[in-house]
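> Sequence:
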Amino acid sequence: MLILSTILATMMAIFAIFIRIKAAEKPATARKIILPPLFMSTGSLMFLFPMFRVTPLEIIEAISVGMIFSILLIKTSQFEVKENGIYLKRSKAFIFILFGLLILRIILKFFLSNTIDIGELGGMFYLLALGMIIPWRISMYISFKRLQNEIVQTPVI
1 MLILSTILAT MMAIFAIFIR IKAAEKPATA RKIILPPLFM STGSLMFLFP
51 MFRVTPLEII EAISVGMIFS ILLIKTSQFE VKENGIYLKR SKAFIFILFG
101 LLILRIILKF FLSNTIDIGE LGGMFYLLAL GMIIPWRISM YISFKRLQNE
151 IVQTPVI
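Sequential numbering from 1 applies to the sequence shown in my numbering.
FYI, nobody ran anything at the bench for these hints, they're computed from the structure. Quantities reported herein were computed from a predicted structural model and do not represent experimental measurements. Heads up, the beta-carbon is just placed ideally off N, CA and C, and yes, glycines get one too. Mixed in with the good hints, there may be bad ones.
As the list claims (entries may be wrong) - Calculated lysine-lysine pairs in the DSS-like style (CA-CA distance at most 25 Å, straight line): (1) Lys-89 - Lys-22; (2) Lys-75 - Lys-145; (3) Lys-26 - Lys-92; (4) Lys-82 - Lys-32; (5) Lys-92 - Lys-82; (6) Lys-89 - Lys-32; (7) Lys-92 - Lys-32; (8) Lys-26 - Lys-82; (9) Lys-22 - Lys-75; (10) Lys-109 - Lys-22; (11) Lys-82 - Lys-145; (12) Lys-109 - Lys-32; (13) Lys-75 - Lys-26; (14) Lys-32 - Lys-75; (15) Lys-89 - Lys-26; (16) Lys-89 - Lys-75; (17) Lys-32 - Lys-22; (18) Lys-145 - Lys-22.
Unchecked claim - Label-pair restraints from in silico Cβ distances: (19) Pro-50 - Phe-99: 28 to 38 Å; (20) Leu-4 - Gly-85: 38 to 48 Å; (21) Thr-115 - Arg-90: 36 to 46 Å; (22) Met-12 - Phe-96: 17 to 27 Å; (23) Phe-96 - Gly-43: 19 to 29 Å; (24) Ala-93 - Ile-34: 23 to 33 Å; (25) Leu-112 - Leu-48: 39 to 49 Å; (26) Thr-6 - Glu-83: 35 to 45 Å; (27) Leu-112 - Met-11: 36 to 46 Å.
Sequences are here, hints too, so could you generate the full structure?
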């Protein structure tokens with residue numbers, strides 16, 4: 001079960017990385033920044049099932065680690081204006097960071113699966129991902145809006 005879930009999670013992560021690369025080719029919008037965390041939040045329904053429930057301390061740990069990981073994503077997500085649109089600037093480090101975080105999560109999963117039940121671990125990694133994506137997307141939204149306001153206030157000559 002652990003190996004199968006790791007393989008599926010890895011395939012999903014690689015798929016998400018390629019979607020992220022493709023998304024940088026199109027102008028960013030507030031909707032594109034806000035929707036992914038909202039879509040991901042439906043995964044919270046997993047906690048309706050007892051096997052996925054985590055303790056309050058595990059919740060704090062998972063979200064804290066996710067927030068620390070989000071710093072790397074925030075630092076490598078910059079916007080630029082080109083062709084009258086706001087685009088996510090491609091960062092070579094961003095791809096390496098995403099793959100590095102993926103590898104780190106896999107290593108942590110194998111290490112922690114010896115002491116934490118697989119269901120609880122799934123819940124913790126979901127919370128870790130949520131703790132990572134929400135601050136990152138909030139930061140992206142603020143940067144996007146700031147740049148959008150600068151564009152509106154800049155007179156066209």
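> Checking each numbered hint in turn, tell me which of them this model violates, lowest number first.
Hints 10, 12, 25, 27 contradicted; others consistent.
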